[in-house]
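*Asks:* Below are the chains, spelled out letter by letter.
There are 2 protein chains.
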Amino acid sequence: MIHTIKFLPHNTQIKVEENESLIRAAMEAGVHINASCGGSGACGKCRVLIEEGEVAGGISEHLDPEDREKGYRLACMARVVSDITVRIPVESQMETSRLNRQPVNRHTAKAMHVNVEELKEHGLFIPPVEKIFLELDPAVAGDNQADVARIINHLRLHHDEHRLIMSLNLIRKVPDLIRQGDFKVTATIVRPVRKDGKNRIVNIEPFDTTNRNFAIAVDVGTTTVYGQLLDLLTGQVLAEHGEFNGQISYGEDVITRIIFAEKGDGLKILHQKVVETINTIIRKIIKKAGIEQGEVSTITLAGNSTMTQLLLEINPTYIRKDPYVPASVVYPPFNATQVGIELADHTVALIYPGVSSYVGGDIIAGIMASGIYLSEELTLYMDIGTNAEIVIGHKDWMVCTAASAGPAFEGGGITFGMRAIKGAIEDVSINPETFEPMLITIGGKKAKGICGSGLITLAARLLETGLIDSRGKFNREAPTDRIRQTDDIWEYVLVYRENTDIDRDITITEPDLDNLIRAKGAMYSAALTLLEEIGLSIQDLEKIILAGGFGSYVDLESAITIGLLPEIEPDRVTYLGNGSLLGCKINSLTNSLRRNVAEVVNMMTNFELATISSYMDHYMGALFMPHTELNYFPKVKARLEALKK
Amino acid sequence: MIHTIKFLPHNTQIKVEENESLIRAAMEAGVHINASCGGSGACGKCRVLIEEGEVAGGISEHLDPEDREKGYRLACMARVVSDITVRIPVESQMETSRLNRQPVNRHTAKAMHVNVEELKEHGLFIPPVEKIFLELDPAVAGDNQADVARIINHLRLHHDEHRLIMSLNLIRKVPDLIRQGDFKVTATIVRPVRKDGKNRIVNIEPFDTTNRNFAIAVDVGTTTVYGQLLDLLTGQVLAEHGEFNGQISYGEDVITRIIFAEKGDGLKILHQKVVETINTIIRKIIKKAGIEQGEVSTITLAGNSTMTQLLLEINPTYIRKDPYVPASVVYPPFNATQVGIELADHTVALIYPGVSSYVGGDIIAGIMASGIYLSEELTLYMDIGTNAEIVIGHKDWMVCTAASAGPAFEGGGITFGMRAIKGAIEDVSINPETFEPMLITIGGKKAKGICGSGLITLAARLLETGLIDSRGKFNREAPTDRIRQTDDIWEYVLVYRENTDIDRDITITEPDLDNLIRAKGAMYSAALTLLEEIGLSIQDLEKIILAGGFGSYVDLESAITIGLLPEIEPDRVTYLGNGSLLGCKINSLTNSLRRNVAEVVNMMTNFELATISSYMDHYMGALFMPHTELNYFPKVKARLEALKK
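So the sequence lines, in the order shown, correspond to chains A and B.
Following the working numbering, the numbering of the first sequence begins with 4 at its first residue and continues without gaps.
Following the working numbering, the numbering of the second sequence begins with 4 at its first residue and continues without gaps.
Check each hint, because a few of them may be wrong.
When chains are identical, the list treats them as one kind, so a pair holds in a single copy or across two.
To be verified - Here are the computed lysine-lysine pairs in the DSS-like style, where the Cα-Cα straight-line distance is at most 30 angstroms:
#, residue 1, residue 2
1, K271, K187
2, K176, K201
3, K266, K187
4, K324, K176
5, K640, K476
6, K276, K176
7, K187, K290
8, K648, K638
9, K546, K398
10, K287, K425
11, K201, K546
12, K324, K187
13, K176, K266
14, K425, K276
15, K638, K9
16, K287, K123
Note that these hints are calculated values from the structure, not bench results.
In isolation and in its complexed conformation, chain A is listed as follows (with noise of 0.2 angstroms):
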């Protein structure tokens, strides 16, 4: 149900979901109230004034009698539940004057989905595992032909299927399964990539078992895990379960498991620990859903160039010296025991191919869900992350690269940062007056630090303020006491130790701040060389969608204000999620979608940027925010001078 909540005195309307946090609304609609607690209720400083309509909780300690009796309520801890009309108090008011210089509202990118009653309507849902169920004649004399050659010649002449083979190990038991099933069994075929290839009968099963196929979708990050469980007749996720990658305490990033996989059995274990995870979530989706391990068909992985040789146990060295040199881009199917997956013999383990050392499977992945590849628009593909991916192309053509951001967008390298957890700040406003900050943390807990998409926005708003210049640092003389310089190092208080969980104030430094210029001005100035190195220029992008774990949560206006991402609509951004993820789930469900991937991979072009001698140059001009220069984003630049009135 949708309820109106209108602000006073800004007079701003937004409508927002039964139940939603009062507070979250206010940031929404761009409505700044001071919130030092992150939501979580323990400041007590973001009192609001119910004028009209009601809402649920919201009530504390922090209120005195009088005043809940008058209405007052803590926006963190109000839920929404009919049309409102909620003032602001004084206290977190700026001016009126300044009410249109307002932050605009929030605009997360829009979410990419696989649509699965589409691909069925297109005749696209053809799983490459597919189950026949076949009911023989059964042996007798005058008609004794071979068990697998009445198998093979059956769906020859029944079932129009052709260019037939079966592998040794499923040879051997036929003949007792066969006749387990009475001459009825159920062939489980698993499609050829190119159409002139073996359609390989991979399982029989005694009796009927159409009704039971299942795959499963992984996408084995460097940090996290994730994987679903897909029923094959209906496209239907039935259960899935992220997991820490087992790898990660032989180091965070995949330069430091390269390492320790060069020495003794390093490369043992790390194939082990990265197995030992998938295993993990194997058996907790196969739980979740109810379903037999035996009735997987097939496992389809992506990862990263690094994370998919280690998976396969192929030594990474050579990845990570010049000239920095894959194994493979492409692997053949194989039989998932063959690398230690839990799974029954016959289950088919196919691998994303990737292009280079640096844009592994996952990115292809990625591209094959976005479906750039068939797009007539050119689109910018960026995966966000301590690697950051970036594809430009659409259906004739596409170029690649990968930047080393550095982890400042996983909360890497910054004081307080942190991965997007319970706890996290996520979301920031500044009051261009007071300079108070409102904070959100993720689950309205205790701020514990800030994530990825709560820096950027932060930085932004900082920019927005005044607070910082655009290379990041403080403005020394601001009138406000969060200000300030610890062990010669100038910083912002967002959070004052006694409303954070961690007993220390919470802050964000000129350093954090650097750390994220250098981040983003990779990824941008690495989109930038791209598509210079095509002859194109930023301005002739017309759509971008955003991949990686943080995509979602990312305010695009304040990733656009800071530099991250080129000027461009916001609803010209589109966020795919887990790119890796659920190209692996089309990979799942159909095999015409899959034909394709070999054809996208041949269609990239890998640019490496060491190479790229103009890259340098891109990289120093985007260490301002937005950059440098200020042509590339004519609206950031209009916006910021006119707050500075």
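Since chain A is already given, all that's left is putting chain B on it; use the hints.
*Replies:* For chain B alone, coordinates are given in the frame of chain A:
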């Protein structure tokens, strides 16, 4: 060096090789010399007088000094070293009037060989596994394609190799191998059976190893397993070795083994036993040839359907149960290590396809080796053994069947039957007047028993001399002590106790002859039935090819005389030897002929004798020597009638 021997008083001449034993020369010339001990020098009966020229050896304590002085020698111990004239003494002689009734000269079948030079001339010497040396461009900035892609692209561009794939196991090793060889590597490529199949890169070795490429061919016989090590550069056999199949202690025939396999760990045990045998052979031939295990690129194996399934650890029970169904006729290539064969990880195992439960890969291998499928002439292919397989056809069609002949041809079910090893009587002549035998044993050792080829010749001689009738019953009236009744059983004494190696009289009994007649009857009537089913008769046959361990020693006239083989000119009979092994060898040397295998399997129509009602009639008719219907054997009929006069 060739020498001429003139035998007196027969005035028969024969040319023999230097060092041939004199008694063997006599036997080949159809000259009878009494010889009871098999040629071991024990009985001293084979005295002959060297009238002109000289022999080496032949002096024995059985000859008194005076006789030695005169030129008497023991024929069995004398070797031909010059042209000689030899007189047969009166005790061995028969009346001159009978000389023209002597058995004709021995005709063993002409042996058939794989002519490597001919294959080369016809451009057919293209082993299914080839090595190609690649001088790759080393990876550098600007050309840092993946290692596997570098190899595949190089093969495409510089060697016109396409449709290439590489297994995960090999991909795992490529990054290190390619750098060990400083980007100079040798790729081992397995050709597909079908032209549109994939070329599989199965191994990568540092540097140039193209001059080392070997294959192994293995005939997996029920009794004996033979292996050959082949040089794939020259096509030469570098080493060969045979071992009794380690399964023998679990049953002599396939049915007994299948029954054993049905219980408990039976299948596993039989599988392990034959793999152990194969591994022993591999170790020996690799050592003999002085090569490394890792240099063997491929192993081709052929066996009957039961041997094939036991080797591959596939439940064989349905082979022996009505309606006699094998698991598969075609098996995919697989890694030899997958079934426990001790070769390198990359060594590809190829299994000869079969046709049915009783016409297996060994027969198809033989057919491929014999070239029947290319021939214009209507050919009868017989693999003689316990399980007799018969193929009839030419380039346009082929039919096949199998008959259970029983073990008589391999010495089973015969009182003094034995395998063709040292001490086995392999050739026999009987003096038509005195009924004294002339015996030759394998190795010239004291007789231990009689082998298959000896048995056939013995039966023919007994029939020709009138000692038995066409039903194999002894002439109770014959004027010789050698025919006698012991424990109600009639028999002919071949060797008296004192001249044997077993301290017992060696005899042939009526039940023995009965077993032999059944065995030959089963074979002949199988051929007859097969011909009749396709509207042809025995007279239409233009060519016979004999395969199997014992075919090389069989005297063709004797085999025709007893009705084992149809009546045909002896020079139209070819002996293939171990057709299964020869087929494996061909498979290893030429992929283009290998491609025909699938075609041959497809053009082969299998007949089950049990389902053909006329088979039993034909079988009953064949239980006479040569046959109830003497019109099938006009020449034998004429000769036997002439001998009776």
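*Asks:* All hints, please: hold or fail.
*Replies:* To see whether the hints hold, each was checked on the structure:
Taking the shortest Cα distances, K271 and K187 sit within 30 angstroms of each other only across copies (28 angstroms), while inside one copy they are farther apart (43 angstroms). For the identical chains of this complex, K176 and K201 are neighbours both inside a copy (21 angstroms) and across copies (26 angstroms), given an alpha-carbon limit of 30 angstroms. Within a single copy, K266 and K187 get their C-alpha atoms only as close as 53 angstroms, which misses the 30 angstroms cut-off; across copies the closest is 26 angstroms, which meets it. When the C-alpha separation of K324 and K176 is checked against a cutoff of 30 angstroms, the pair qualifies only between copies, where the shortest distance is 17 angstroms, while the shortest distance within a copy is 46 angstroms.
With identical chains, the CA atoms of K640 and K476 are at most 30 angstroms apart within one copy only, with a shortest distance of 18 angstroms there and 119 angstroms across copies. Taking CA atoms no more than 30 angstroms apart as the test, K276 paired with K176 passes between copies only; the shortest distance there is 20 angstroms, against 32 angstroms inside one copy. Only within a single protomer do K187 and K290 lie at most 30 angstroms apart by alpha-carbon distance; the minimum there is 29 angstroms, versus 50 angstroms between protomers. Taking the shortest alpha-carbon separations for K648 and K638, only the intra-copy value of 16 angstroms comes in at or below 30 angstroms, while the best inter-copy value is 126 angstroms.
Taking CA atoms no more than 30 angstroms apart as the test, K546 paired with K398 passes inside one copy only; the shortest distance there is 13 angstroms, against 66 angstroms between copies. Taking the closest pair of Cα atoms, K287 and K425 come within 30 angstroms of each other only inside a single copy of the chain (23 angstroms); across copies the shortest separation is 68 angstroms, beyond that limit. When the C-alpha separation of K201 and K546 is checked against a cutoff of 30 angstroms, the pair qualifies neither within a copy, at 39 angstroms, nor between copies, at 40 angstroms. Taking the shortest Cα distances, K324 and K187 sit within 30 angstroms of each other only across copies (20 angstroms), while inside one copy they are farther apart (55 angstroms).
When the C-alpha separation of K176 and K266 is checked against a cutoff of 30 angstroms, the pair qualifies only between copies, where the shortest distance is 17 angstroms, while the shortest distance within a copy is 41 angstroms. Proximity of K425 and K276 under a CA criterion of 30 angstroms is satisfied intra-copy only: 26 angstroms inside one chain copy versus 62 angstroms between copies. Proximity of K638 to K9 under the C-alpha cut-off of 30 angstroms is restricted to the intra-copy arrangement: shortest distance 28 angstroms within a copy versus 119 angstroms between copies. Taking CA atoms no more than 30 angstroms apart as the test, K287 paired with K123 passes inside one copy only; the shortest distance there is 29 angstroms, against 60 angstroms between copies.
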